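For reference, the chains in residue letters:
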Amino acid sequence: MKFFTHFSIVGFSNSYILGPDEGGDAVLIDPGIFDVKLLQLIEKNRLYIKYILITHAHLAHVKGIKTILKIYDARIYSYRDSILDIPTNKVRELDKIKAGEFIFDVYETPGHSSDSLIYVMQHFIFTGDTLTAGLLGSTDTGYARGLILSSIRKKILTFDDSFFVFPGHGPPSKIEIERKTNPYLNDKL
Amino acid sequence: MNMFPTKKCAKEGCNEYALTNSEFCINHIPNREKYISDLKKLLQERDYFRDLSACGIELENMDLSGKHFTECNFSKSRFKNVKFDATKITMVFFDFSLFENCSFKETEIRCTVFGGSKINNCTFEGSDILRCNFNGTICTNVSFNGSDLYSSRFVNSSLNNIQLIDCNLKNVHFEKSIKHNVNMKYSNIEEAYLEDEEITL
Numbered sequence: 003m004k005f006f007t008h009f010s011i012v013g014f015s016n017s018y019i020l021g022p023d024e025g026g027d028a029v030l031i032d033p034g035i036f037d038v039k040l041l042q043l044i045e046k047n048r049l050y051i052k053y054i055l056i057t058h059a060h061l062a063h064v065k066g067i068k069t070i071l072k073i074y075d076a077r078i079y080s081y082r083d084s085i086l087d088i089p090t091n092k093v094r095e096l097d098k099i100k101a102g103e104f105i106f107d108v109y110e111t112p113g114h115s116s117d118s119l120i121y122v123m124q125h126f127i128f129t130g131d132t133l134t135a136g137l138l139g140s141t142d143t144g145y146a147r148g149l150i151l152s153s154i155r156k157k158i159l160t161f162d163d164s165f166f167v168f169p170g171h172g173p174p175s176k177i178e179i180e181r182k183t184n185p186y187l188n189d190k191l
Numbered sequence: 003m004n005m006f007p008t009k010k011c012a013k014e015g016c017n018e019y020a021l022t023n024s025e026f027c028i029n030h031i032p033n034r035e036k037y038i039s040d041l042k043k044l045l046q047e048r049d050y051f052r053d054l055s056a057c058g059i060e061l062e063n064m065d066l067s068g069k070h071f072t073e074c075n076f077s078k079s080r081f082k083n084v085k086f087d088a089t090k091i092t093m094v095f096f097d098f099s100l101f102e103n104c105s106f107k108e109t110e111i112r113c114t115v116f117g118g119s120k121i122n123n124c125t126f127e128g129s130d131i132l133r134c135n136f137n138g139t140i141c142t143n144v145s146f147n148g149s150d151l152y153s154s155r156f157v158n159s160s161l162n163n164i165q166l167i168d169c170n171l172k173n174v175h176f177e178k179s180i181k182h183n184v185n186m187k188y189s190n191i192e193e194a195y196l197e198d199e200e201i202t203l
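The listed protein sequences derive, respectively, from chains A and B. The number in this note's numbering is simply the position in the first sequence, starting from 1, with 2 added. The number in this note's numbering is simply the position in the second sequence, starting from 1, with 2 added.
Calculated directly from the structure, the hints in this document are not laboratory data. Computed from a predicted model, the values in this text were never measured in an experiment. Each hint should be verified, as a subset may be incorrect.
[As the list claims (entries may be wrong)] Cross-link-like lysine to aspartate or glutamate pairs, in silico, DMTMM-like; alpha carbons within 20 Å at most:
hint: 1; chain 1: B; residue 1: LYS90; chain 2: B; residue 2: GLU47
hint: 2; chain 1: B; residue 1: LYS10; chain 2: A; residue 2: ASP189
hint: 3; chain 1: A; residue 1: LYS52; chain 2: A; residue 2: GLU24
hint: 4; chain 1: A; residue 1: LYS46; chain 2: B; residue 2: GLU73
hint: 5; chain 1: B; residue 1: LYS13; chain 2: A; residue 2: ASP163
hint: 6; chain 1: A; residue 1: LYS4; chain 2: B; residue 2: GLU73
hint: 7; chain 1: B; residue 1: LYS181; chain 2: B; residue 2: GLU197
hint: 8; chain 1: A; residue 1: LYS182; chain 2: A; residue 2: ASP142
[Said to hold, decoys possible] Far from chain A by the CB rule (all over 10 Å, computed), these chain B residues:
hint: 9; residue: LYS13
hint: 10; residue: HIS30
hint: 11; residue: LEU44
hint: 12; residue: LEU45
hint: 13; residue: LYS178
[Claimed, not checked] Cβ-to-Cβ under 10 Å is the rule here; a few derived chain B residues that face chain A:
hint: 14; residue: ASN137
hint: 15; residue: ARG155
hint: 16; residue: ASN185
Cβ atoms here follow ideal geometry from the backbone N, Cα and C, with glycine treated the same way.
Take the sequences, apply the hints, and build the full model.
Spelled out as structure tokens, the structure:
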């Protein structure tokens, strides 16, 4: 499996690409930007973006979609039925997305936004803005904070300590690190 | 090959990751001493490492300067008197490890995870340490002077006698960290998150 991260200097967000070793149909998670560097990364590795997974529809995570669709005929998966007026494939809790050789499990994690999803593939969790290293996603209200904490505790923290966490912003982490060192996970609901 | 070797140890009930070229983790591998000796030899001979799974290894008195490590897993390892000067380290997991008297001068470290580690008497001077995870670390007598720490995180860490002089601290998170004798002179502390603040992602 090929795995790459790309940092968007516009929304300061992370995009992730997963593709087969030999090249071919690939998955792009959260295209916050589509720039020359990302295009080169895809083409140099003989990948074709066939699947786009959106953790939530904030601009920092979706702004690159329109440009990508001019180059690649990709299917978009998200909680919403459209993003930036582009129709998407709606996914819900416990859906499975078969994206080439990869299968992603979908979990709804509202709190940071009402359309927040996380995607789990093998030992990798793509947490979007629900959980980033050492922090929780930002929330507007006390209710939303309760929701995000509940989402993290009931969904993300049920995974084994050895799972790798790839968030929408900031550095990667692991479930064990979050469980033992994230000071906000014990906040009261 | 997988980005990270996510194969688990073949020993029944063990949840640790298997070592590269082995079915077992460091605790259950037969001929452990030989494996470690071979690994050390490999680390000395080669300059580029990708997808290396070496969780729980112990390295002492080694010079790994100038080498490249990409997408490797060194969780729960111990490094004593190891030189990483001028190395390039990308997406490497060093979580819950111990670093003693190690040197990371002039390194380029990206998206790398030190979370939960103990880092004692080490230097990272003159390095690019971008989007790295130091959350929950216990750092004692560590110098980052002259480094770019853009978007790295030290959340809930314990920082004792830490030199952060003339560093780029833009978007560096220090929330809930305990700071004792931390010197941030000439660094852009106004662009860092020192205490709890409202953060908008």
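Sort out whether GLU24 (chain A) lies within 20 Å of LYS52 (chain A), counting only the CA atoms. Satisfied, since the Cα-Cα distance of roughly 15 Å is no more than 20 Å.
Satisfaction of hint between ASP189 (chain A) and LYS10 (chain B), Cα-Cα up to 20 Å: Distance ~33 Å between LYS10 (chain B) and ASP189 (chain A) Cα, so the pair is violated.
Outside-interface status for LYS13 (chain B) - nearest CB in chain A farther than 10 Å: For LYS13 (chain B), whose nearest Cβ neighbour in chain A is about 15 Å away, the distance exceeds 10 Å, so it holds.
Against chain A, with CB atoms and a cut of 10 Å, does the hint on ASN137 (chain B) hold up? holds (4 Å)
Check the hint pairing LYS4 (chain A) with GLU73 (chain B) against an upper bound of 20 Å on the C-alpha distance. With Cα atoms ~11 Å apart, LYS4 (chain A) and GLU73 (chain B) stay inside 20 Å; holds.
Could you check that no beta carbon of chain A comes within 10 Å of the beta carbon of HIS30 (chain B)? holds (15 Å)
Quick one, are LYS13 (chain B) and ASP163 (chain A) close enough, alpha carbons at most 20 Å? holds (18 Å)
Let's test the interface hint: is any C-beta of chain A closer than 10 Å to that of ASN185 (chain B)? Since the shortest Cβ distance to chain A is 23 Å, the answer is violated.
Distance restraint between LYS182 (chain A) and ASP142 (chain A), which requires alpha-carbon spacing of 20 Å or less: Cα-Cα ~26 Å, so violated.
For a C-alpha distance cap of 20 Å, please report whether LYS181 (chain B) and GLU197 (chain B) respect it. holds (11 Å)
Verify that the Cβ of LYS178 (chain B) lies farther than 10 Å from every Cβ atom of chain A, and report whether the claim holds or is violated. violated (4 Å)
Proposed proximity, GLU47 (chain B) with LYS90 (chain B) (alpha carbon, max 20 Å): Holds, at roughly 16 Å.
The structure is inconsistent with the numbered hints 2, 8, 13 and 16, although it conforms to all the rest.
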